[in-house]
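If you read the sequences in order, they're chains G and A.
My numbering applies: residue 10 is where the first sequence begins, and numbers increase by one.
My numbering applies: residue 53 is where the second sequence begins, and numbers increase by one.
These are calculated hints, taken from the structure and not from any lab test.
Note that CB positions come from ideal geometry on N, CA and C, so glycine has one too.
It is possible that part of the hints are untrue.
Stated by the list, open to error - Simulated crosslink set (EDC-like; lysine to aspartate or glutamate; CA at most 16 Å straight-line):
#: 1; chain 1: A; residue 1: K225; chain 2: A; residue 2: D330
#: 2; chain 1: G; residue 1: K371; chain 2: G; residue 2: D387
#: 3; chain 1: G; residue 1: K241; chain 2: G; residue 2: E223
#: 4; chain 1: A; residue 1: K288; chain 2: G; residue 2: E347
#: 5; chain 1: A; residue 1: K273; chain 2: G; residue 2: D386
#: 6; chain 1: A; residue 1: K288; chain 2: G; residue 2: E357
#: 7; chain 1: G; residue 1: K500; chain 2: G; residue 2: D139
#: 8; chain 1: G; residue 1: K107; chain 2: G; residue 2: D139
#: 9; chain 1: A; residue 1: K137; chain 2: G; residue 2: D67
#: 10; chain 1: A; residue 1: K288; chain 2: G; residue 2: E313
#: 11; chain 1: G; residue 1: K38; chain 2: G; residue 2: D12
#: 12; chain 1: G; residue 1: K492; chain 2: G; residue 2: D470
#: 13; chain 1: G; residue 1: K39; chain 2: G; residue 2: D12
#: 14; chain 1: G; residue 1: K32; chain 2: G; residue 2: D67
#: 15; chain 1: G; residue 1: K194; chain 2: G; residue 2: D164
#: 16; chain 1: A; residue 1: K288; chain 2: G; residue 2: D12
Unchecked claim - Interface residues of chain G toward chain A, partial, derived using beta-carbon atoms under 8 Å:
#: 17; residue: E313
#: 18; residue: I317
#: 19; residue: E330
#: 20; residue: Q335
#: 21; residue: G351
#: 22; residue: H352
#: 23; residue: V355
#: 24; residue: E362
#: 25; residue: L365
#: 26; residue: S367
#: 27; residue: P370
#: 28; residue: G378
#: 29; residue: N383
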Amino acid sequence: MSDTILNIENITKSFPRVIANKKVTFDIKKNAVHAILGENGAGKSTLVKILYGLLEPDEGNIKLNNKDFKVNSPAEARKQGIGMVFQHFSLFDSLSVKENLILGIDEKMSYSDLENKLENISSRYNLPLDLDAPITALSAGEKQRVEIVRILLQDPQILIMDEPTSVLTPQEVESLFVTLNALVKEGRTILYITHKLEEVISICDTVTIMRSGEIIDTSSTANQTAKTLATKMLGQKLDDLKTNYGHIKDEVNFEVKNISCNFNDPFLTDLKNISFQVRVGEIYGIAGVAGNGQSELMDILTGENINIKSGSITFDNKKIEKYGPQKRRDLSISFVPENRLGHSAVPELSLSENILLSQFPKNNFIRNGIILKNNVDDFANNVINEFKVITPGNDAKASSLSGGNLQKYVIGREISSKPKILIISHPTWGIDAGAEHSIRESLIELSQNGTSIIVISQDLDELIEITHKISVIYDGNLSKPFKTSEIEIEKLGLLMGGKNE
Amino acid sequence: MNSLFPSIVSRSQSSGLMNFFVPIISIVLTLITGSIIFVLLGFDPIYALYTFFISPISSTYGISELFVKATPLALIAIGLSYCFKNNIYNIGAEGQLTMGAIFGGGIGIFFHDTNAFWLLPLMIFAGAIGGALWGLIPAILKTKFNTNEILTSLMLVYVALFILDYLVVGPWKDPFGYSFPKSRPFSESGRMPLLFDGLRVHFGLIITLFLIFVSWFIFSKTIFGFQLKVSGYSPKAARYAGFNQTTLVFFAFAICGAFAGIAGLAEVSGPIGLLYRDISPNYGFTAIIVAFLGRLHPIGIIFASLVIALTYLGAEDAQLFLQIPSAVGFIFQGLVLFYLLGAELLINYKLTYKKLL
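Isolated chain G (complex conformation):
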């Protein structure tokens, strides 16, 4: 077909433990904005990295203008006419815009040639730039403009944009859309990677929906609504529900009230007036697509960040928003952040030593500043036995454990002290199914014994399986809670995509 620019046929790419792309097949039409929509981990990034020469597919063919297309590096991809703008910018902060542009292009070019070309590009595509400004002085939107201009200098036929609006203000988003429209009018094609439903409908012509590495559907956006897209993106997830609400008491023991926090950093999401309540024995889920404020909220819940603008956190009738992590542990609050290596555990240290990262008043680990090694070792052995952690012993380095085993160990460490509340982020992220199952079971058991649990997760299956209530975080706003047993998947999908009727 003459109006197809790119044919993707049967692309398969697997990594240890996971197949990121399974026989991915679809066509991209020339002169259009083509969206790839999917949750985190759906395989979008893997696919575009293959197109851009950063990854090599295990199987499959790509045809560009009906000719075989195979590249081994981004430089080759650019030469063939594919350019990409990444979510995270790769600019030299201390250099000026002009210097960054000269450095970023593959061919040699004089400053005067560059300036002529730039003038042309700037006016044609609504991309004003101050050439002499240092990158540090630019806003996120302006930096993105530099990246786009840098790619346009090489005159690509296809421009890949990876989550381009995630760091932009609403005004910047609008001006980006003007640019994209101008590019398409000129005959270029844009591949637009996103999880935002609204954007797909407003600026994309065609949409390919991916889920767990597979293509679910490719169709014109004309006959789609946010609702239909959400359902396809998330799939049917309400299959097996076994939540039991019987043991939950009416008493609220953890309350977050109107927490707001500004970071002044384009890569962090400001938190806007977040409030929620957790009752004794309840598992409260916070859903959402990554980068919508989850890690920022987690830091505030754990006390790693106590610089909030306003709001309060109350636990057992105490105001704790100004307490650091240790003071919160003293009140029997325990937490497991998302990242195991280097956050909830230190990979270079032994399992025993890792116990000492999180101490509760009941633990007898230290006397007069001296570590009581026997007590720590006993505790570590207990965790290893009770949570069936596979390891040669408590002196093995944390880095030697598989992700699932280390996560079991960390969670075991946190729940062995029978906390009153456990705050956990992405409990089963990146681990195998067996460990996943045993972790979910221990969380449910813990709640039945009276511990309140807050689970932040992108994994909707997980939240629906174990929580009693779910609210959705989007762009730093937290939705009202929904009872998990009564929730509609469609509603959840809309909230995650930023649509709230």
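Following the hints, put chain A in place on chain G, whose structure we already have.
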């Protein structure tokens, strides 16, 4: 075809055994490179290496001198370990040493005609305070204003050296010193006692061994040592654990400064006996090499300090018997560090030659 230049790829597992051998390999490579340099200079390499590394310690006096030089190196290096374990790059031990010598030496000058048992302990204490205070300046700058401690601590070295300069040509100049830039000599009780008659090795060695033992205990048995380690490996994990990182930075700098200050005081009240311009042949900088050569481990540091002290002695002998400039000692120190860093890189990374199309 393979590409001409290798690329550096991370190894999935670094070898624990190699970790132990790295210092030894670096020393062997240094000796080989050293012999090549000697050959190029026209010397018989065996004789030159003998003059450099064996003859300086073939007498009791020589061995005593080895300990005299190793004492400040080991003491400063163990102090630096507090910083380096915490991933703080304090390059300013030379300045902290100088400040320790000024504070402790100042007491010695003030009490130059007093003979009392409390004088030396007071001087040691003052030396520790002086070094610690000087070390706290970069700590404050780092924690309050987020400045880079490498730059500030280094610049403060020169400030301290100029202060010493000013004092010995100005207010503290010896009134009977024929205008030489030096202070009055300390009184006899302000001097480090000698351990053996006729040899210069002094009580500073005992202090150093004691502080190395204390540091070993702190590093391996206490929660403070654990906190230093965690915050060095992963600041995020330290924050998660609730360790106060500001306090850790302050302690690391203060302890390192105090140790360097004691080393400085031990120099001026030991072999020297007064204050003058050049109290340290760059011990504070060389101790950085000692700390890394000893892999920040107390036992390792003891051995490393002896090896590096030998390069100081060897350089003197080489100048005397071979007429080679004594700067060759610094070349050896530089070579050790060079090979050490190179070997360290290869423990964690490997070189591969990428296939070109």
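**Study point:** Numbers of the earlier hints that this structure fails to satisfy, in rising order
**Key:** 7, 9, 16, 18, 19, 27 and 29
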